[in-house]
Structure formats: C-alpha cells, structure tokens
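Peer 1: The residues making up each chain are set out below.
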Amino acid sequence: MREDKVGPLPKIIAVLVFVFLMAPLVVIILASFSPTSLVVFPPKGFSLEWYRNIFGSSANFLSGFVNSIQVAAIATAADILLGVTASLSVSRYQFRGRDALVAFFTSPMYVPSITFAFVLLQVFSAMGSIPAFWRILLGHVVIVLPYIVRNTLAVLASFNWTLEDAAAGLGANPVQVFFKVTLPIIKPGVIAGALLSFLYSFDEAVLSSLLSSPKFITLPIRIMNYMELSFDPTLAAISTLLILFSLTAIVLLERFVGLDMFVK
Amino acid sequence: MAVLELKNLTKTYGGFTAVDNIDLTVRDGEIVALLGESGCGKTTTLRMIAGFTAPNGGTVAVDGREMNQVPPYRRNVGIFFQNYALFPHLSTYDNVAFGLKLKKLPREEIRRRVEDMLELVKLTGMEKRFPRELSGGQQQRVALARALVTEPSVLLLDEPLSNLDAKLRAEMQVEIKRIQRGLGITTIIVTHDQEEAVSLADRVVVMQKGKILQAGEPKAVFDHPVNPFVADFMGFSNFIPGTVAETGPDQVKIQADGGALYADAANCPGLRAGMPVQAAIRPENIRLVTEGTPESHRARLENVTYKGNVTRLSLTGLFGQPVYVHAHDYDGSLEGEVSVLFPRDKLVVYPADKS
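Top to bottom, those sequences are chains A and B.
Just add 35 to the spot in the first sequence (first one is 1) and you have the working numbering.
Just add 131 to the spot in the second sequence (first one is 1) and you have the working numbering.
No lab work stands behind these hints, which were simulated from the structure alone.
There may be inaccurate statements among the hints.
Stated by the list, open to error - The list that follows gives simulated cross-link-like pairs (lysine to aspartate or glutamate, EDC-like), each with its CA atoms no further than 20 Å apart:
| no. | chain 1 | residue 1 | chain 2 | residue 2 |
| --- | --- | --- | --- | --- |
| 1 | B | K234 | A | E199 |
| 2 | A | K215 | A | E199 |
| 3 | B | K342 | B | E168 |
| 4 | A | K215 | B | D225 |
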C-alpha cells in the first residue's frame, strides 16, 4: 500500500461516494425502528412494531419470501447444471461457432428484461394456462444463466486440461474425472456465479411483476404492491432484513471462496 | 511387465500426417526413447499409446491384446506429463494415492504403497504439502511417484528431464533409471534431447515427419547415424561436401574442396568412386595436432568460444566452409594457422542426394 501517494482530493471523493452509498441504508435501518407510522428522520423513539407488522400484515410478506427463495434456489440449481456443462463444452472443445455460442449463453444479460418479459408473456399466454410459479421459474432460469456461465468460463480459462488426461491415465472414468478433478478446481467460480444468480433472482422484479398471478407472488412484487397503498416503516423493516440477508450471503461467500472471485 | 507393440500406427489431422505407419516393439522391461524435433510425431505416438488420441490406422497392443477400443482409464498405463499435471487441490499424499483410491484398495494398503513410493522418490515428510509448495524437482518426483504407484504395465515419460537444471537433471537421470530397473516396467520416453535419450534408454528411436528413421542401441545411433538428418540430430554438426575419389577394402578416400579425407570403409557402405557425398563428423572428434602429418589439414583459427567443459573453435580455410572443433584441453595458446586431424573411424559418409 502506498498510502502516502494518495492526495486529499481522491480521499474526499472516496468518502463522498461511500457516504452516498451508505447513507440511504443507514436511514432505512434507523427508520425501521421508528415508533411513528410515517418515515421520519431522525426517528423519535424506538419500536419493533414494524417488524411485527411484516409477519402480521395482510401483505403476506412471508409467503412472498418463501416463493422468492423457492424460485431463486431452483433456478440457480438448474442453471448450475446448465451453465457448468455449457461452459465446459465451449472451453474444452474448439469448434466453429464456439464464440457465437458463448455470446448466446450470455445474451440474456444484454437483452432488456422488460422486453424479454413481454415476449415471454406472449409465449405463455399463447400456450394457455401455465402456473405463475413455472412462468417465473422459467424466466429466471434464462435471465440468471449468464452469471453462472461467465464465472465458470473465467475459472476454466486458466484450467489445465492435461489434469483430466492425468486423472484418466490413473484410472478415473469421465464421471470420476469431473467430480474428483475438474469440479473441485473450478468450484470457486461456480459458487460465486451461483450466489450472484441466487441474489439476482431473489431480487428480480421486472420479469416477476409481469408473469406473477394472485396465486403466486414473489417478495419484490409483494413489496411493490404494498408500497402502492402505504408507505409506513414496514418497508424499512423488511429492507433491513433483506440487507442482512444479502450481507450474510456475501460473508459466507467471502468465508468459503474469497471475495476476489466475486469481483472478476 | 508387458510387451508393447505398435503396428502400422498412423494418425492424420486433416491433410497432415502426424504419425506415419509406425512399427515398434518394446520388450518387457525395456526403456525405449522416441527422439525427434517438436512436430515429429513422438508426442502423438505417446498419446495414442495412452489412449488419449485415437489412431486412424494400425494398432496398439499390450501383451498381444489390442488396445484401440480400450479407453485410457482401463489401459493401466502410467503417464508422466511434461508439465507434471499434479492435481493442485490435492496434497502430495493424495496426488500419489489418487490412482490407488480409484482402485478401491484397502486404506491400509494405500497408505503403505504411497509411503513406499514416496520413500523411493525421496519425498518422505512431504505428504501434506500441496504442489504449489514444492520445488520443481520435488513436483517432478511426485509426478513420477504418482505414475508408478499403480504398478502400470507400461510407463510413458514425456520429456522427463526437460524442465530441470543441469544438476537436477543428472540426479534424476540416475533416479529414473534406478527406479525403472527396480520395478522392471516397460517404458517409453519421449524427448527432443539426444543426451536424455542416449543416457536413459536401452534403445533409441529417431523420428522425423511421423516416420522412424533409425532405431537401435544408443551407441549405434550415436556413432553411426543412418542418414544426414539423424547425424545432424545426434550432434554431427560438420558436414563436408565432396566426391568419392577411390574405395578400398579398409578405407574410402573423399576428395573435398581443398583437401582429401579418409574414412573407414565400414562407416560408409555402398559408395562408388565418383559419387557425390557428404562427410559428417562431430566437433569433439576433430583433433588439434601440434605437428602436421600427411593426413592432417591446415586451417586458420577464426574464433574461440569458451563453453565451460569444452572450447568451441571455429576454423576457416578448410573445404570452403567453416569447420567447428570442440576441444577439451584447449589452453588458449593457439592462434593463426593450426593443424587438425579427422580420425578416419569418426567420419561417416552419406551419398549427397539422400539428405
């Protein structure tokens, strides 16, 4: 670290950016403990009433949370399977159209999700009555795939393929080669991608709002619906819990894989 | 304990023939070196023996059993990779134990065999280290231990000494031979280094453009290369063009530009008077003599390069081209005109058109 080389101006900018990023979070967390029904700052007193309200309110936040977790977990699991195999095939073999295939796997990242949601809605309504759970899940499987593919490709770029020959030479069949050599070595990238996918799916609102039905609503949509009617600190309370949730996920990631994988 | 047989083995990539109809039999317990420049097909041959590359024609057989349809993981071939290919996520112990664990051997037997093998390659005490915590020489010995511990019927070594410094090379040369002899494993070494080949192998096979040019005992290949290419590869760096002046029962006289050379008739069969030829000799076999004799030649000392164990002298004014001499006892006193002798038993002569 060459701390002495950093002038006062960059320091001031860094602090301002940090404040800009953190201040809203601090306001929300403090507001969530406010006893008043309007969000005021600084809060007058302390209360856990809004946290109680999350579980008690007719907005059904809890069922939304469970639905979101379900979708995020299943979509991520499916994409680990799809994304890792797709990444392996384009990394291991050189063939015509390889780059086009990589672009295709990652294209959901570049297509505006509102466009994609609209197209998906058309397709689903043409197909007839498909439960909202499946509509949202399928949509998420598509839009979340790039995160796993990109992270897996990044670790595979430096993978030494001779290791697979070495394992085969020692008597490992292709399945054993994958589980005993390839997967353990690329695991950090896969986990990082999976976590990004999970958080993205959990947080996703554009696609879910178009594809949800009264029977199946995810948490972000519950929050948006609630916001249309009231603006009390229940939202601050639920936001605080979500911040805590994301933070825990990132700390776990840092613990097991290292955050540098996350930035790549 | 196995006999390895390659028959008409061929591999083409598109229009390029990497390995061209090779026949080779490696006897039980023998070490054979495949020697050649990069791209000569030696590595492709190795990969076909291991099963990583499928031949377009011909067969690989171990103990008479054809292996073409057998996948690599059922071939029982031990492979040492040039870049070692140690599993970075596994410790030394687990790297070596990898193949034994796949065989589902009892834990106790695995432990015993891994430890015996680590002792053999002198790595006892390194069990818990990861590859990145080992030196290059240690990594190489782990790779060797891993290839040997499963008691393969055939051992394949890809450039086993190329990444080592001079001192370690000499040590490992002795080690590999000791271990291979002790276990009696049929072994193939792939290398581009003639010194590595002749020092390790019982038999050297020189390859070029997918074909075998010469196969024989190291000394035979080293001293009597069958053609100018092999000669060049084996370190005959002086090629002197000339014409056969006369052939006798014992010796052949070659008239070169600016002098005559004599070679043992045994080293140049099939020559007739008037034939254009190339006479080849190693730089270390040309002798500097203090007093000229009828057989010696006069040349001008142009350049002296000290190379450690030898001194490289560059001579001009002989045969219309530079001639290089490696002298072991050069004391630096010579300059100007020198006399050199071309020992007739060290000259090999090839018809000129066959290069």
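Peer 1: For the pair supplied as a hint, K234/B and E199/A, confirm whether the alpha-carbon distance does not exceed 20 Å.
Peer 2: 17 Å, holds
Peer 1: Can the restraint linking K215/A and D225/B be considered satisfied, given a maximum Cα separation of 20 Å?
Peer 2: 11 Å, holds
Peer 1: Quickly compare the C-alpha distance for K215/A and E199/A to 20 Å and report which way the hint goes.
Peer 2: 10 Å, holds
Peer 1: Is K342/B close enough to E168/B, meaning Cα to Cα at most 20 Å?
Peer 2: Holds. K342/B to E168/B sits at ~12 Å (cutoff 20 Å).
Comparing the model with each earlier hint shows no violations; every hint is respected.
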